[in-house]
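Peer 1: Protein chains in written order, with the numbering used here: chain A, 1 to 352; chain B, 1 to 352; chain C, 1 to 352.
If you are wondering where the hints come from, they were derived from the structure by calculation, not from laboratory data.
Hints may contain errors.
[What the hints assert, rightly or not] Going by beta-carbon spacing under 8 Å, a handful of chain C positions derived as facing chain A:
(1) D51
(2) R166
(3) G194
[As the list claims (entries may be wrong)] Calculated from the model, a selection of chain B residues having no Cβ within reach of chain A, i.e. all distances over 12 Å:
(4) A79
(5) K114
(6) R192
Remember, it's a predicted structure, so these values are computed and weren't measured experimentally.
All residues carry an ideal CB built from backbone N, CA and C; glycine is no exception.
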Amino acid sequence: LNVSTKSSAGNFFEDFRLGATYQCPTPRRISDGDVALYLALTGDRTAAYCDGEALVHPLLVFHVIFGQTVRFVSLNALANLGYAEVVWGSAVRVGAVLSTELRVVGLKENSSGKSGIVYVETVGRDERRAEVLRFKRWVMVRKRSAVPTAYRDAPVVPSFLTSVGRSELCTATDALRFAVQTGGHFGAEDYRVGERIAHGDAMVINPSDHMLLTRLAQNSARVHFDAHAMDGRPLVYGGVVISHGYAMSHAGLEHRMGIVAVNGGTHANPTYAGDTLYAMTEVLDVAADLTPGIGALRLRMVVIKNGDFGDVATYDPMEADPRRDGAHRYRSNVVLDLDYWELMPTRTGEVG
Amino acid sequence: LNVSTKSSAGNFFEDFRLGATYQCPTPRRISDGDVALYLALTGDRTAAYCDGEALVHPLLVFHVIFGQTVRFVSLNALANLGYAEVVWGSAVRVGAVLSTELRVVGLKENSSGKSGIVYVETVGRDERRAEVLRFKRWVMVRKRSAVPTAYRDAPVVPSFLTSVGRSELCTATDALRFAVQTGGHFGAEDYRVGERIAHGDAMVINPSDHMLLTRLAQNSARVHFDAHAMDGRPLVYGGVVISHGYAMSHAGLEHRMGIVAVNGGTHANPTYAGDTLYAMTEVLDVAADLTPGIGALRLRMVVIKNGDFGDVATYDPMEADPRRDGAHRYRSNVVLDLDYWELMPTRTGEVG
Amino acid sequence: LNVSTKSSAGNFFEDFRLGATYQCPTPRRISDGDVALYLALTGDRTAAYCDGEALVHPLLVFHVIFGQTVRFVSLNALANLGYAEVVWGSAVRVGAVLSTELRVVGLKENSSGKSGIVYVETVGRDERRAEVLRFKRWVMVRKRSAVPTAYRDAPVVPSFLTSVGRSELCTATDALRFAVQTGGHFGAEDYRVGERIAHGDAMVINPSDHMLLTRLAQNSARVHFDAHAMDGRPLVYGGVVISHGYAMSHAGLEHRMGIVAVNGGTHANPTYAGDTLYAMTEVLDVAADLTPGIGALRLRMVVIKNGDFGDVATYDPMEADPRRDGAHRYRSNVVLDLDYWELMPTRTGEVG
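Let's have the full structure, built from the sequences with the hints guiding it.
Peer 2: Spelled out as structure tokens, the structure:
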């Protein structure tokens, strides 16, 4: 009897090669089953993803693409540090087969010598090779050994845009339209910068709820599933929190056509099964005239757990950090602070 | 920063206009994913909804139509008081897109001045505008202010049939047929009024189980999801109890073709996650000759939790109410008492 | 009011007739919804069951066929004693309608007079009557009465093969192929007898997780659902453990094409919700040249709960049984010991 080396322990910092590309397993057909499960898991009511057009929710596309990168990037990850330039492309319809390519775009060994930061660009494509999602991400990954790498003294750190430009937003929305039955009353031109929306919904995260969505995306990172090793409290995959926050942000944004870009986001505190989530939105920017009939809203979504926002007009997810004079930190019940672009038809708009 | 008024707090009693109609969001495609989820959530074994015909279970149709009314009717509801004249119409097949229209058919302000009863008729249609479900319902809704309305002194209270007539039952069942592989042995003519069936199955309701079905129907009423606000005990949506009761009522009714009408029902006590449900059925009426080859059974389904029926022949879901002489009330473990019509082929019948 | 006899209490030992066949309810269409649910419930990453070919996972096929036998075989079962000669046949694609036939192939009354062993052969077929699965199984079933049967003194006990022969393995895999995007690097010829693979994944079983899969298969055995009667600890259906073990056995076997036979298996200890499972695999036999381009691996999968394997090279799922000199028993945290055949392409292979 001998121990096989075929089950990889995953990539360590030293295994990533700058500029290298990697085709991720496993090409994944998106079916009506996935669409229904996404709805059952989140309760999302965005009209465009419920009707006869069989469009797939962009956040489900995100989870599937992200899930395909886990075996290559995340098995020895210590922390997901950030996202940037997340841009959705071609609309995905039921029947699409998604696959994912990774490229290592930066490497920086930490001064501790025990880990390094890996910067990867991820591109998801459908079976016709049309790009459906592109994003950049940086992750802290364990080193295999203490021997310094070239990226300790000469790190390669890419620069990222702080926000996706309006011209980058995909408006090829021939299948999207102003849904007269969304239940909403407001078009892009009705929103004002600084406006804050208290959405009113609530959602407790049950153990099966978060694991079903994480497994559906074939994200096998152990921290989400190993209750025994984690004292009965596996960590909820951050994407689950994004999906619930988005689903709960429906009231007041009923005409929304779908998230088209993420500028940045912070998982400020961990979420565990049993936590009840609540969401509010602040309008950061309004592009009422992105293309005829379609505008875009830049929105900040804040998700908290097991509490309330109090006075929404003055709510601040940050508080003074008693550990450092003048510094601020997220309140302990803030679990997500997400800056994203949403397409929104104009009230007078007619689309395709 | 300012607080948006775009996220509606929902309708108060004063907002309902007698005779007004309202088109509900969100048109909803029913897919194979929904069908499989319904089966996974309930374990329903009714043969007609499992085989190659891709028919959609009538109770799933009910949940979707009901869910579409929640944003308009239920956000300020204090209690769902009753149902009447629930009648299913055209069979729904996978691929149908369901939408829902509401009409306010009665208004009655309560003497407290704090709430009123809203009577609504709900009609669900498929994408060809064929009626798939119609029902009436009355709900106690909060008033916005203490100012009396016209419906305090002059209430408009519609009258409802105590049972759906045999001639109203939809037997356009070209797709339904006597399933030789249902596992059953009895046709409509074999059932006798007063016969009671102990079904023998059991089902615990887990937190994800009830929320998945409630979210699948896009029912976003907070009482079902806000564990934080409800001391960890969100209320199970009554429709979940109906579905489990129906699924468990299979043994002894194996040849059933599907529920076609509900005459009335009472959610006698709340159900919470962790409760284990059990079902029994009493035959109230037998229409063995509804149409050639098809009969109908009027059935009373009683669902209890965390206990047993004892002697089924003498079981009474009611008990003397110690608070009022001569009065009766439901036993504390009764969660559903439902009076409905079921189609049942005759033993000798041939359909379509 | 009278108690119906229509709801069968199920078959007792005396009800089984040697040689009799029985067509099981309920013919079951397998849809995209089932496929997506299987993935969400298990996280299985086997490439062949995720991509555009819409093949159905063989273990989902097993659960559906098994579930169809429950009403006939299991309602009065005291224990599932074993499986043998489990062989998958024609590949199942989305849209197939599966039905199941049982044949009683052996009967042996126990000396206690209270129960007996029923040996059944189960055959699952698709809507074209092509055989998709065949297996034998023996179950201990309660007797209705103490009166001895003919099978006490003259038991009929069939003999079973201890392993499915290589020539019995179905390689009609025109739809399977060497998936360049499985993420793996090893073909059939790379595996060695005695090699042990520690897979590294982990999976906690939540209450909804196991019940959703059990209900999806329409397996209604009460022990899996009646929390009230079982002190809050319903038993996890053994098939759920097989599915999770198989899903977790992916790392190191990435190129696998799907389980094609089970030689035998033991559910060594019960699994309950809350248990976290871990899997390891030992290579028992290698048939690198089963057919051009395709080999087969005979594998032993061991699944444990809430612990670790320690040194995988020397791990033994058995320990000395202190109750009997020289005897051995499974360690208390071993939940599954499965001996099966897996198809594996050769590294140089080209299929179809």
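Peer 1: For each hint, tell me whether it holds in the structure or not.
Peer 2: Right, here's what the structure says about each hint:
Because the smallest distance between the Cβ of D51 of chain C and any Cβ of chain A comes to about 5 Å, under 8 Å, the interface hint for this residue holds. Interface restraint check: R166 of chain C against chain A, minimum CB-CB distance 22 Å, threshold 8 Å, status violated. For G194 of chain C, the interface hint holds, since its Cβ comes within 8 Å of a Cβ in chain A; the closest pair sits about 5 Å apart. The beta carbon of A79 of chain B sits about 20 Å from the closest Cβ of chain A, which is more than 12 Å, so the claim that it is off the interface holds.
Look at K114 of chain B: its CB is around 21 Å from the nearest CB on chain A, clear of 12 Å, so calling it non-interface holds up. Here R192 of chain B stays apart from chain A, with its beta-carbon at least about 40 Å from theirs, past the 12 Å limit.
Hint violations for this structure: number 2 only, all remaining hints satisfied.
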